[in-house]
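Protein sequences appear in the order of chains F and V. Counting in my numbering, the first sequence runs from 2 upward without gaps. Counting in my numbering, the second sequence runs from 1421 upward without gaps.
Source of the hints: derived by calculation from the structure; they are not laboratory data.
Below, in silico cross-link-like pairs of lysine to aspartate or glutamate (EDC-like), each with a Cα-Cα straight-line distance of 16 Å or less:
hint: 1; chain 1: F; residue 1: K202; chain 2: V; residue 2: E1748
hint: 2; chain 1: V; residue 1: K1553; chain 2: V; residue 2: D1467
hint: 3; chain 1: F; residue 1: K103; chain 2: V; residue 2: D1666
hint: 4; chain 1: V; residue 1: K1791; chain 2: V; residue 2: E1864
hint: 5; chain 1: F; residue 1: K103; chain 2: F; residue 2: D10
hint: 6; chain 1: F; residue 1: K203; chain 2: F; residue 2: E152
hint: 7; chain 1: F; residue 1: K103; chain 2: V; residue 2: E1717
hint: 8; chain 1: F; residue 1: K103; chain 2: V; residue 2: D1703
hint: 9; chain 1: V; residue 1: K1657; chain 2: V; residue 2: E1717
hint: 10; chain 1: F; residue 1: K103; chain 2: V; residue 2: E1707
hint: 11; chain 1: F; residue 1: K203; chain 2: F; residue 2: E136
hint: 12; chain 1: V; residue 1: K1784; chain 2: V; residue 2: D1749
hint: 13; chain 1: F; residue 1: K103; chain 2: V; residue 2: D1661
hint: 14; chain 1: F; residue 1: K203; chain 2: F; residue 2: E157
hint: 15; chain 1: F; residue 1: K202; chain 2: V; residue 2: D1749
hint: 16; chain 1: V; residue 1: K1546; chain 2: V; residue 2: D1523
hint: 17; chain 1: F; residue 1: K23; chain 2: F; residue 2: E115
hint: 18; chain 1: F; residue 1: K203; chain 2: F; residue 2: E162
hint: 19; chain 1: V; residue 1: K1553; chain 2: V; residue 2: D1527
hint: 20; chain 1: F; residue 1: K202; chain 2: F; residue 2: E157
hint: 21; chain 1: V; residue 1: K1553; chain 2: V; residue 2: E1471
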Amino acid sequence: MARLLTIEDDAVTAREIVAELKSRGNDVDWVDNGHEGLSRAVEGGYDAITLDRMLPGLDGLAVITALRRAGVQTPVLMISALSDVDERVRGLRAGGDDYLTKPFAPDEMAARVEVLLRRQRAAERETVLRVGDLELDLIERRARRGAMNLELLPIEFRLLEFLVRNSGQVLTRTMIFEAVWGYHFDPGTNVIDVHIGRLRKKVDPPGLAPLIRTVRGSGYRLAETE
Amino acid sequence: MLKLSDHWRSATTRLIFIYGAFFVLWSIVLVAVVYWETNRYLSRVVDEIVEQRVRYLISIDRERLPEAMEATGALDLRGVMSLGLFGSDGRYIDGNIEHVPADLPVDGAIHPLPQGVERRGREERKSARGIAKRLGNGELLVLARDTSVIDQVGVIIRHALLWGLSLTVIPGLIGGLLLSRRPLRRVRAIEAAIEPIAHGDLRRRLPVSGRGDEVDLLAAIVNRMLGEIERLMGEVKGVCDNIAHDLRTPLTRLRAQLHRLQQTGGGEEGVGPMLERCIVDVDALLERFRALLRISELEDLRRRGGFASVDLGETLRQVHELYAPLAEDNAIAFRLESALQTNIQADPHLLFEAFSNLIANAIKFSPHGGKVCVRASMEASGPRVDILDSGPGIPSGERDAVLKRFYRSESGREPAAQGYGLGLSIVAAILRLHGFRMRIDDNETGGTRVSVHCWVEAMPSPHFMR
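With the hints as constraints, model all of the structure from the sequences given.
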């Protein structure tokens, strides 16, 4: 169970965020203004923070800037009605770890928070990633499933690496596209599906327990058999 | 650089020439009047002197006449007076005129003698005014006075006219030409300012110099009009954006609720797949609104802050990598022909998005087993990218329309194909932001060819005179 802080002035949105995060077994605190949010965040003890960009008084950018200046490295998901690329860049540059535009699907928001939590836990440098019998050598850029070598294209390796790094998490298509390709627009849903389908053929050949699962209505998850 | 022919045509220059012609004409008329009046006055003075002298000579006794004539000659220091006394038969008696001038009527009135009189002891003949009068005894007295002074005055006035005109008209014309440059320069400045407005940047305004002259008045009128157009456009766009934005929030909530329902199991048999379909539909709706707002955002985005040097070949390679599996799944031969080693000034994210959209479209509209080719080449003005597909093609009449929001071609494209034409509008908005150009025409082997010219079009400088 993770301790999360939600800084959001709009009560409806806040309820949505809190409900979604709680439903996934997290302990969530909510504050509705920047000043209180900043002092709570500095006091520490939180594993991740969701931060609204536009707040009365002290706004989101000021909060994150002050937080990082105070040396607090808690991962922060910025949530904003401003979808402009410039705004995204400013939010991330100020110290935000991820950026989500309103309106958002709660499961997408929760998925992003979970990725941040995971990143927090796995901060140490690993050179080999393992999920079940899948093994990724990040230095040699080689992947193996059990005793079998997987012949992956560079893009497929990057995609698999992202899935493995966040194994067990639901990853939406947007998150996958943003993380693996580094662009922030909608490339059409089935483009990512096709890439995943291709990777799946190589990673999950017939006869082996499938690792890559489709989460209906949301995206994908790589996990060992439940 | 302004050309002379431009000067020649400008309103100021034309006015200056017309004004100059009037000035010359009036100067000539004025000087002519002065000349004529002076001439008349001086002639009258001469006439009075001649009349006075004649009256005097007639009034004295005949015996003393030669003596008086002598005295008159002696008093005439400038030698302008000629006189002669002749018998009734025309025989010479006395004086410095030896013959009665043939063109002088004997009527006692003063007449002009343009040929002058033949005078003893003087070779040249000067124009004069003269009189011939019979004395009581039948003898003839002839008196003439030179009028060359009047001629000289005339010459002086003519010279004054020539000098005066050349000293006013020539510098006046030169000055006028120089002056006419200023309004021309301002017209050029307005032309330059209007260029981005014509390309859709309604926030620009025409320059107003603050002098309050005609050009300023005109610019102010146009600026007021632009302000109003901008306001109206803003309102229309604002309404569209607000609708899209307002609908997005409830749709997102709807999707969240559907998702939650799906997660909690849905209960009854057959509800699961239905929920799944609902979510897919809501997603499609949301996607469309997102695209609509994205276009709007791009149209607002006039910053060039995100511009950087972008490797066009590498961008195309990445787009190819992203879409190659999709093409392969549809059995479409997808080739990238690029040997480009060029960097262009562009927003890397937007450039990628634009080419993604174009290629996604090309793949979407090519039939199973078709061909899509991305061909990058270098032209004299810059790199050019052609995207060729083997789809049904876009009829020439619809090529402009497909760039508009929500357009979907009726011909040959089954409605089942995803995408409501917003993709091309997004591309058009991105390219417009960069100043790049896109052309849609037929591919030689059937299908559509979309050409993107990745160079900033040189401002077409329409010669405003033409």
